[in-house]
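S.K.: Letter by letter, the chains look like this.
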Amino acid sequence: MVCGLCCATICSASESPPPSDPSLLHLEEVRWGFDNNIQLQEFNLLSLKVHNVSSNPWNGPLRLTQVLPGRQPLGIPLQLDVALGPEESRWVQFTVMLNDSLEGWFLDWGGGEFGTLELQTPAAGPRPTVLIYNPDTVLSTTSPLRRMPEELFPQNLAGTASLRGVIFHTVPFWTGARVRTLREWLNGGGRVYLLKTSQGSYPRFPSGMDFLNQESNEYSVGAGVVKRLPFTLEDLDIDAARNLLFNDDRPSISATGRSTMLNQYGYMPPTEAVGWQRHEWASRELRKLAIFKRPWLLIYLAVACYLVTLFPVCYRLGQDHAEVRWFYITFFGSVLIFSALFVGLGQVGGHEFNRLRSLGAARELEEGVFDVTQWTMACARSDGTYHLTLAGNGAAVHGLNDLEAFPGSYDCSTNELTMDMAPASTLGLYQRNRVTSSLQRPHLANFEQTANAVQSAQVSPGPDFDKSAIAAWLVHRDVAYPLDISEAVWKLSRQHRSMGISGIITPADQQSIGPLGMWRTSAPAESDIPEAEQVILERIRPLLIAAAFQQSAAVDERRCRVPEGQVRLLIQRSLPDDFKVPSADFPDQRGTLLFTFDYPTGSESLR
Amino acid sequence: MYHGTTALLQRSLRADAKKRGPHAIRIASVLLILIMLVAAHIEGSPFSAPGLVFFRNMSLLGVVLITLAGLGHFVTAITEEREEGTLGLLLLADLSPFSILLGKSTNRILSAWLVFAAQFPFALLALTLGGITVTQIAATYIALAMYLFLVANLALFASACSHRSTQAVLIAVLLLFTVLGAIPALHYYGQILASRAQLPPGWMITFDTLLQLHEGWSILNRLEDVQQLRYSGGLWSAQATGSLIIGCLAFLCAWIVFRRVIWDADVTAPPRLEPVHHSKSRWLQLVSRPRSAPIIWKDFHFLAGGFTVWGLKLLLIPLLGLLFWWKTDWCHEFMYLSPWQTLQLSLFLIAGGELLFASSLLFHIERKEGTLANLLLLPHSIASISYSKITGCLLGVAPTLAVALLLAFLHGDLSSAEKTFFSPAMVLGVGLFLVLCHLTVLCSLFVKWGSLALATGLLCIIGSVVFSVAGTMLLLIREGNFHQSVQVAPCYYVTIVTCAALQVAILLRLESISGN
Chain Y
1 MVCGLCCATI CSASESPPPS DPSLLHLEEV RWGFDNNIQL QEFNLLSLKV HNVSSNPWNG
61 PLRLTQVLPG RQPLGIPLQL DVALGPEESR WVQFTVMLND SLEGWFLDWG GGEFGTLELQ
121 TPAAGPRPTV LIYNPDTVLS TTSPLRRMPE ELFPQNLAGT ASLRGVIFHT VPFWTGARVR
181 TLREWLNGGG RVYLLKTSQG SYPRFPSGMD FLNQESNEYS VGAGVVKRLP FTLEDLDIDA
241 ARNLLFNDDR PSISATGRST MLNQYGYMPP TEAVGWQRHE WASRELRKLA IFKRPWLLIY
301 LAVACYLVTL FPVCYRLGQD HAEVRWFYIT FFGSVLIFSA LFVGLGQVGG HEFNRLRSLG
361 AARELEEGVF DVTQWTMACA RSDGTYHLTL AGNGAAVHGL NDLEAFPGSY DCSTNELTMD
421 MAPASTLGLY QRNRVTSSLQ RPHLANFEQT ANAVQSAQVS PGPDFDKSAI AAWLVHRDVA
481 YPLDISEAVW KLSRQHRSMG ISGIITPADQ QSIGPLGMWR TSAPAESDIP EAEQVILERI
541 RPLLIAAAFQ QSAAVDERRC RVPEGQVRLL IQRSLPDDFK VPSADFPDQR GTLLFTFDYP
601 TGSESLR
Chain H
1001 MYHGTTALLQ RSLRADAKKR GPHAIRIASV LLILIMLVAA HIEGSPFSAP GLVFFRNMSL
1061 LGVVLITLAG LGHFVTAITE EREEGTLGLL LLADLSPFSI LLGKSTNRIL SAWLVFAAQF
1121 PFALLALTLG GITVTQIAAT YIALAMYLFL VANLALFASA CSHRSTQAVL IAVLLLFTVL
1181 GAIPALHYYG QILASRAQLP PGWMITFDTL LQLHEGWSIL NRLEDVQQLR YSGGLWSAQA
1241 TGSLIIGCLA FLCAWIVFRR VIWDADVTAP PRLEPVHHSK SRWLQLVSRP RSAPIIWKDF
1301 HFLAGGFTVW GLKLLLIPLL GLLFWWKTDW CHEFMYLSPW QTLQLSLFLI AGGELLFASS
1361 LLFHIERKEG TLANLLLLPH SIASISYSKI TGCLLGVAPT LAVALLLAFL HGDLSSAEKT
1421 FFSPAMVLGV GLFLVLCHLT VLCSLFVKWG SLALATGLLC IIGSVVFSVA GTMLLLIREG
1481 NFHQSVQVAP CYYVTIVTCA ALQVAILLRL ESISGN
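If you read the protein sequences in the order shown, they are chains Y and H. Be aware that the first sequence starts at 1, since it is given in this note's numbering, and climbs by one per residue. Be aware that the second sequence starts at 1001, since it is given in this note's numbering, and climbs by one per residue.
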């Protein structure tokens, strides 16, 4: 979850002033997402306009908790420290994951009648394309476009997870974090549409946003697209909006077919291959990696011995001996001995430490900066309260278990996660954040392609990937070509065939994993014989590739391809130190990340 | 001095060590824990503390089973001796009332505690699932052991006060509700009345105080306290102390009552109804001739109450309806239902209770009276005799069921096939009820007393093991967006197969009894 704070001054870390009277803070407006619709199974923006009605400064924490009907808490409670000047109004933002529309949200800023509010989850809708506008200006016409005030555009990448496209008809007054977020979101596959201003020319963006100033009518910025439309806002009608703005990225459907679907649905539903519960899948696999191993052979032997002691040993003693005291002595003695034995066998070994196991995808935004989507499972050896400060900044967090409340909370101001854990228990979380790292980008050379396939390519992995890589692929259009990583310079593998991305992330046997995996594992996965970590890491690959291509609950085939003129390098490697969580409470951290690097195919570096 | 006092107890302890039955029960309970543990491990719980969740479910099952045992096993400690006419024999053996109570009741408590002790090592295996500590497991078992002590002694008091087991069960239910449920119920309804400003302010404070007091000995509160994510308390608690004190008080009260009533004559068999000769003074013949369906006639008139009960029901049902209409606001407030729906629900519950009661007595009464062997000698098949008996009981329930169905039809609940025959909740509920009735009949052929409690306990145990698998399968079918008929088809199939299998088991058991 993200905290998009509008204010810079908050309580200092060392001395926090006492919270103010909750009745002096009013919640004036609530806005979900970009257009008051939400995307399920995805991070969504929640914007709250708070107003300090008193003539004194107001400070205190805002706590947001996900609840089921009946106010049963669910997921990770979020806390954001807010400080407002006298009679000041401000927007504050959270980034929350929504699983279904039955869930509600409970906001608390001091408790009692005036310090709590229950928020209802709005309806789910398609990924929005919104017009960014200045709320201080008056729009002279009604428009078919959904609008979003420019001040609400998120300041971190996780907040843009549910956004499809933005439309500019004027230059927004953005600096710093918002500009960076726009650029990184666009690089990752966003769509920007430029309309003409009322003067008839296209908006001219300042230096920080000069990537939108190119003269072409349509061009790529990373994996994203910028399009100039020869309309002003007033000229745009609903049909033009649908054809040119909302569904322009589905060229495979004929105009007739598209209009039929538009009329029927009002929007184009994304192609759904197979629905799948990615969080449950990740949680299940991570738990296998994270849980402490037990001496199951000894435990089964002890169980058998105890059963034999009860029957026939105790039974024969009772039958054969005239003095029944021997039966009772044997019975209670065996209960004591086997109780001590089972306690000993059930404890975690002294050589074990609290551990974190992670898997995810890291997409390069720019040199040394990565957009990381990660699942993490924490396992505690003994009970206690543990703290994790998530790496990077602007982290959005979601608990992996949708069946119970998360025993802890997340402080959005400090990126600190607090967890109350029982012995040998696990807690899982899903996070997205922006991480800086010193990892060197691999070098791609000798890339040759034909009309339909890649002929050859060479990848110099560099010191950060040559020894730690587990697997690698080169993706051209929507096909992934496995690379042979056994050599110093990686080439296309002759032994493994290429596969379509959508085929990888929706494997044929997924039906046996997905629906059943929602509740239980398939038989070999949950046996007492611990699986090799390598086997699990290989099985989890479709999930990582899906994360690399920003797939959520439903597979969107539009995102299963690399834009023309680009090629994508995927490298799965063990978790680097830069991406580990800096925490003294969890010294044992391991995992895997799938790194994504994009290369333009026309670049000199590829020759 | 104490030899005579503990003679019966010592004898019971010896029997517990030597007889096969108690050993089998201990092994069975231990295996049950093991199966549940293995099932929980294989399922791969998605919870952060799977051991805690598993143990929480197991302890709740334990509370249910202990309560059922109180109503089925402990409550017949004295009444079974009365009804079999053996209480006088115990007195002839120069056993004091105290030693009789000690021998009959305390032995059962110690046997149950031995079962707990046998389970304890396996319960510690929950540590391997993670999320729970040894202290939590031990504290839970101590709480359950003390709860058992409380329930057993309350049941003993009910047994000492009663001449018949049925009477003892009713008194035990009242006592258990008074001790365990009355105060929370009072508090809940007091809150509703207070919200409507119909209660003086001081009363709510009193209810709050009583509730806090009640939480001191409430087993559910104690379990909730122990089974928090990080429990830092001890093994012993106010709940254990409270249960021990109340249990001892109940034993004391049972002794006081038993001393007074022990010399009462044993329960004799009720006078058999003699044929009534035709008399000019009789203008209404309530009991008709058996004609061609004697077994149906017998059970209808002697088990189900006959036309007399019919008449009473037909009088009381409209009165009940009038009462609900008169207190419409109570129906809305407490039941969240209209008077129409409240009456309908009440009648279905009454009919269900009657059917369960009839199921438990169907063959029990024949075994107790010693008439089962003679009944099975009749020139009819065992199946025919059994179905005739069932028909007789169903005739007795007919008015209640008919009015309930009529109300449901008029209210529109039965008008749609989707609402009635394709509703998963409806089909599942009716299916479970039918299985419970069949299981009760079967249990009544194996145990002398407490067949309904035993059947309910068995159903709870089976349900706790298969529930997650069955629930997942039903959910998968539902998620598949199939037609509703497909969704409920497995429920129909399982119900029919289970009931058929139970009927075969009942008939086989009857055959083996008739052979003996």
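In short, the hints are calculated from the structure, not lab data. Some hints could be false.
Said to hold, decoys possible - Here's a subset of chain Y near chain H, in silico, CB distances under 10 Å, partners left out:
1) Y306
2) F353
3) D383
4) D420
We put the CB at the ideal spot given by N, CA and C, even for glycine.
S.K.: Hint D383/Y vs chain H: min CB-CB distance below 10 Å?
M.R.: holds, 5 Å
S.K.: Does F353/Y meet its interface restraint, that is, does its C-beta lie within less than 10 Å of any C-beta in chain H?
M.R.: Hint on F353/Y: violated, closest Cβ of chain H at ~15 Å, above 10 Å.
S.K.: Does the closest beta carbon of chain H sit nearer than 10 Å to the beta carbon of D420/Y?
M.R.: Result: holds, 6 Å to nearest chain H Cβ.
S.K.: The hint names Y306/Y as touching chain H; please verify it with the least Cβ-Cβ distance against 10 Å.
M.R.: holds, 6 Å
When each numbered hint is compared with the structure, a violation occurs for hint 2 only.
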